[in-house]
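These protein sequences, in sequence, are chains A and B.
Going by this note's numbering, 68 is the number at position 68 of the first sequence; the sequence numbering is gapless.
Going by this note's numbering, 37 is the number at position 37 of the second sequence; the sequence numbering is gapless.
Source of the hints: derived by calculation from the structure; they are not laboratory data.
Please note that a few of the clues may not be correct.
Heads up, the list lumps identical chains together, so a pair's fine if it works in one copy or across two of them.
[Stated by the list, open to error] Derived pair list, reagent style BS3-like, types lysine-lysine, alpha-carbon separation capped at 27 angstroms:
hint, residue 1, residue 2
1, K124, K169
2, K124, K4
3, K4, K130
4, K22, K169
What follows is the residue order along each chain.
There are 2 protein chains.
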Amino acid sequence: MLDKVITISREFGSGGRELGMKLAERLNLPFYDKELISMSAEESGLAEEAFLHYDEHISIQQEPFKQRLYTPFSMLYEVSMSDQIFLTQSRVIRKLAEQGPCVIVGRCADRVLENSINLFVYAKMENRIKRMNSLETGVSPERMEERIREIDKKRKDYYQYYTGCEWGKAQNYHLCLESSLTGVEGCFNAALAYLQCYI
Amino acid sequence: MLDKVITISREFGSGGRELGMKLAERLNLPFYDKELISMSAEESGLAEEAFLHYDEHISIQQEPFKQRLYTPFSMLYEVSMSDQIFLTQSRVIRKLAEQGPCVIVGRCADRVLENSINLFVYAKMENRIKRMNSLETGVSPERMEERIREIDKKRKDYYQYYTGCEWGKAQNYHLCLESSLTGVEGCFNAALAYLQCYI
Numbered sequence: 001m002l003d004k005v006i007t008i009s010r011e012f013g014s015g016g017r018e019l020g021m022k023l024a025e026r027l028n029l030p031f032y033d034k035e036l037i038s039m040s041a042e043e044s045g046l047a048e049e050a051f052l053h054y055d056e057h058i059s060i061q062q063e064p065f066k067q068r069l070y071t072p073f074s075m076l077y078e079v080s081m082s083d084q085i086f087l088t089q090s091r092v093i094r095k096l097a098e099q100g101p102c103v104i105v106g107r108c109a110d111r112v113l114e115n116s117i118n119l120f121v122y123a124k125m126e127n128r129i130k131r132m133n134s135l136e137t138g139v140s141p142e143r144m145e146e147r148i149r150e151i152d153k154k155r156k157d158y159y160q161y162y163t164g165c166e167w168g169k170a171q172n173y174h175l176c177l178e179s180s181l182t183g184v185e186g187c188f189n190a191a192l193a194y195l196q197c198y199i
Numbered sequence: 001m002l003d004k005v006i007t008i009s010r011e012f013g014s015g016g017r018e019l020g021m022k023l024a025e026r027l028n029l030p031f032y033d034k035e036l037i038s039m040s041a042e043e044s045g046l047a048e049e050a051f052l053h054y055d056e057h058i059s060i061q062q063e064p065f066k067q068r069l070y071t072p073f074s075m076l077y078e079v080s081m082s083d084q085i086f087l088t089q090s091r092v093i094r095k096l097a098e099q100g101p102c103v104i105v106g107r108c109a110d111r112v113l114e115n116s117i118n119l120f121v122y123a124k125m126e127n128r129i130k131r132m133n134s135l136e137t138g139v140s141p142e143r144m145e146e147r148i149r150e151i152d153k154k155r156k157d158y159y160q161y162y163t164g165c166e167w168g169k170a171q172n173y174h175l176c177l178e179s180s181l182t183g184v185e186g187c188f189n190a191a192l193a194y195l196q197c198y199i
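Chain A extracted, bound-state conformation (with noise of 0.2 angstroms):
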């Protein structure tokens, strides 16, 4: 029986969350992806704004003075508001994984759980394109490249900044899976049997 948490690591645009709930749907477990957003501003206090706003994403530049002002005072030389995120972001889900198995998309979930099953999803740029185009229509696909690449470059970022390894180096992860081959559908199935010993 599975006993541990699948997390998910993945490039915009190529079908990760997607491969996630498919997951969680067939071994009937519970998924997290942005819910971990509310879940994590009710855990904290803060407005559900601020982590919607440093989403997977870190800001090297001072915070603004006035944010400042209603940080409390122990707290303003000490950490800042993507910090307050990322910690309040990795207490949630070192919780939920003390709940039982569970498939977490995104926040570095791999790197904050010791025992995990890391998953890394990515696939090719005209891919990706084709992808999100299908579901977000009226934007170009210069347009929907630019804002990939910038997305990529933030969770990159944040992954870096928080966890010191590096994004998509296969060695950090159980297993990844190119989906412009085989579809989300053949990732699906590999990651399906290559949990097989546990499910």
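Dock chain B against the given chain A, drawing on the hints supplied.
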């Protein structure tokens, strides 16, 4: 029906060769690993010892003078022995691919060919030491770890020197499999499931 070559890159001791053999057997495909050495020697007319010596590693150092005396004059300042070996092996790999699908282990076949399905296999150091110690008795775990690191470094340098790509970066492969968690059997099941749209 599978119409592509399957290439396998692998960390030393991770079971990549075993996975390749199992896939070749199951899919009824020719399998090439060390076989490429004698095939390339035959293709080039160079001694098999030279291919063994330079197998999957580059020599940055100048060739010894004695060896250079036997190098054809026109090649003396043009193509080093390791370059000759790489070029011959690449020619052999392309010829094999022209004959139809097969499984090829190592030798940058994933970059030599343009349309292959590329797997990367890796494992935790402790598992690789255990695996290699079970195959070769009389070597201490400490010495085995040293050997594993040496061979990995050679493979990595060789791959990066001849392809310009990063060895072990997930996006360079279609499927990357960690064999400590599930054994070679789990990787085999995952690879078969991934390939099922082709077989």
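Going down the list of hints, with the structure as the test:
no., hint, result
1, K124 / K169, "both (16 angstroms within a copy, 14 angstroms between copies)"
2, K124 / K4, "between (30 angstroms within a copy, 18 angstroms between copies)"
3, K4 / K130, "between (33 angstroms within a copy, 24 angstroms between copies)"
4, K22 / K169, "both (24 angstroms within a copy, 26 angstroms between copies)"
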